[in-house]
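Here the sequence shown is numbered in this note's numbering, starting from 5 and rising by one per residue.
To be clear, the hints were calculated from the coordinates, so they are not data collected in a lab.
Where is the CB? At the ideal position from N, CA and C, for every residue including glycine.
Among the hints, a few may not be true.
What the hints assert, rightly or not - Listed below are the simulated DSSO-like cross-link pairs for lysine-lysine, each with C-alpha atoms no more than 27 Å apart in a straight line:
| # | residue 1 | residue 2 |
| --- | --- | --- |
| 1 | K293 | K258 |
| 2 | K185 | K228 |
| 3 | K258 | K137 |
| 4 | K228 | K122 |
| 5 | K293 | K185 |
| 6 | K258 | K228 |
| 7 | K258 | K282 |
| 8 | K282 | K228 |
| 9 | K137 | K282 |
| 10 | K137 | K185 |
| 11 | K122 | K185 |
| 12 | K122 | K137 |
What the hints assert, rightly or not - What follows is a list of derived Cβ distance ranges for each label pair:
| # | residue 1 | residue 2 | range |
| --- | --- | --- | --- |
| 13 | R207 | Q34 | 19 to 27 Å |
| 14 | N206 | G35 | 37 to 45 Å |
| 15 | K293 | L204 | 35 to 43 Å |
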Amino acid sequence: MHPLNLLFALVLVAALGVRAASAQPGPGAQGTEGEPYRRQHWLVPAPDPVTVAHAVLFRPSGEGPFPLAVIAHASTQNVLRRAQMLQPEYRALAAWLVGRGFAVLVPERPGHGATGGKYVEDQGGCDEADYAKAGRATADTIAAAAGFMRRQPFIRPEGMVVIGHSAGAWGALALAGEDPKSIAAIVAFAPGRGGHANDLPNRVCAPHTLTAAAGEFGRAARVKVIWLVAANDSYFSPALSRQLADAFRGAGGKADFRVLPAHGSEGHWLVETDDGVKLAAGELDRALKARSPNQAKKP
Numbered sequence: 005m006h007p008l009n010l011l012f013a014l015v016l017v018a019a020l021g022v023r024a025a026s027a028q029p030g031p032g033a034q035g036t037e038g039e040p041y042r043r044q045h046w047l048v049p050a051p052d053p054v055t056v057a058h059a060v061l062f063r064p065s066g067e068g069p070f071p072l073a074v075i076a077h078a079s080t081q082n083v084l085r086r087a088q089m090l091q092p093e094y095r096a097l098a099a100w101l102v103g104r105g106f107a108v109l110v111p112e113r114p115g116h117g118a119t120g121g122k123y124v125e126d127q128g129g130c131d132e133a134d135y136a137k138a139g140r141a142t143a144d145t146i147a148a149a150a151g152f153m154r155r156q157p158f159i160r161p162e163g164m165v166v167i168g169h170s171a172g173a174w175g176a177l178a179l180a181g182e183d184p185k186s187i188a189a190i191v192a193f194a195p196g197r198g199g200h201a202n203d204l205p206n207r208v209c210a211p212h213t214l215t216a217a218a219g220e221f222g223r224a225a226r227v228k229v230i231w232l233v234a235a236n237d238s239y240f241s242p243a244l245s246r247q248l249a250d251a252f253r254g255a256g257g258k259a260d261f262r263v264l265p266a267h268g269s270e271g272h273w274l275v276e277t278d279d280g281v282k283l284a285a286g287e288l289d290r291a292l293k294a295r296s297p298n299q300a301k302k303p
């Protein structure tokens with residue numbers, strides 16, 4: 005893209021983000037419930053006070069209160085791809101969780117799609133990538149949305165589960181430093197940032213910096229992580245993912261690392277599909293069963 009065209013696109017995206025944020029109503033449910041699984045559009049807070057994040061909520065029948073599961077989506081450094089992103093839903097995973105008694109929130113983080121606003125989790129360029137800062141910013145946005153939902157009368161405030169994917173899973177690793185009474189389990193599908201550097205498979209930007217950041221998250225970790233990666237993930241290969249998990253564990257974090265079978269042509273997107281969720285179901289079950297008896301009790 006020509007530099008002037010790129011500059012225009014960036015200005016337009018920023019302007020639309022500001023307009024969208026200023027026109028949005030306050031946090032809460034938007035409209036009626038629908039299908040499947042009582043699907044409902046919500047607005048939830050973000051760390052930036054001028055941005056209200058779009059989200060979808062799924063939940064079982066009944067009044068609850070339900071334990072909460074938050075799904076943190078993948079991201080990209082490409083500003084135009086982020087602006088064009090559709091609301092993530094992870095319907096197969098949400099259906100699996102609703103079937104086990106969870107209310108499931110999938111918030112769209114700032115800088116993406118209809119939410120717009122500032123991309124607070126920008127990692128910077130390849131040579132100066134700050135992966136720890138990006139992960140903490142992602143964690144803050146997950147926490148802001150989850151904190152609001154945990155105050156709803158149909159949600160249990162304790163025993164929350166966080167399931168992250170790619171950059172969302174990287175933020176979930178940063179959340180492992182939270183109180184286990186608040187977050188009972190974290191499942192991280194292919195956590196990382198900087199994958200597909202220059203749009204090339206099996207190329208990661210500054211992998212040594214990414215490994216060091218994983219160790220930084222591990223030093224603060226208090227919540228155990230189930231770390232999953234598909235055998236054919238070309239963003240964060242099983243070999244690199246194991247190095248990251250080892251750095252996390254070597255610094256004091258607790259993580260069970262598992263390589264799932266290859267899935268389709270690109271295993272990085274396994275968690276977004278029905279068949280992929282079936283492949284991961286055993287590990288997901290294990291994560292939920294590891295919660296305390298009171299937390300694991302269905303409503």
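Results for each hint:
no., hint, in the structure
1, K293 - K258, "16 Å, holds"
2, K185 - K228, "12 Å, holds"
3, K258 - K137, "21 Å, holds"
4, K228 - K122, "31 Å, violated"
5, K293 - K185, "15 Å, holds"
6, K258 - K228, "5 Å, holds"
7, K258 - K282, "25 Å, holds"
8, K282 - K228, "22 Å, holds"
9, K137 - K282, "33 Å, violated"
10, K137 - K185, "25 Å, holds"
11, K122 - K185, "31 Å, violated"
12, K122 - K137, "15 Å, holds"
13, R207 - Q34: 19 to 27 Å, "40 Å, violated"
14, N206 - G35: 37 to 45 Å, "43 Å, holds"
15, K293 - L204: 35 to 43 Å, "39 Å, holds"
The structure does not agree with the numbered hints 4, 9, 11 and 13 stated previously, though it agrees with the rest.
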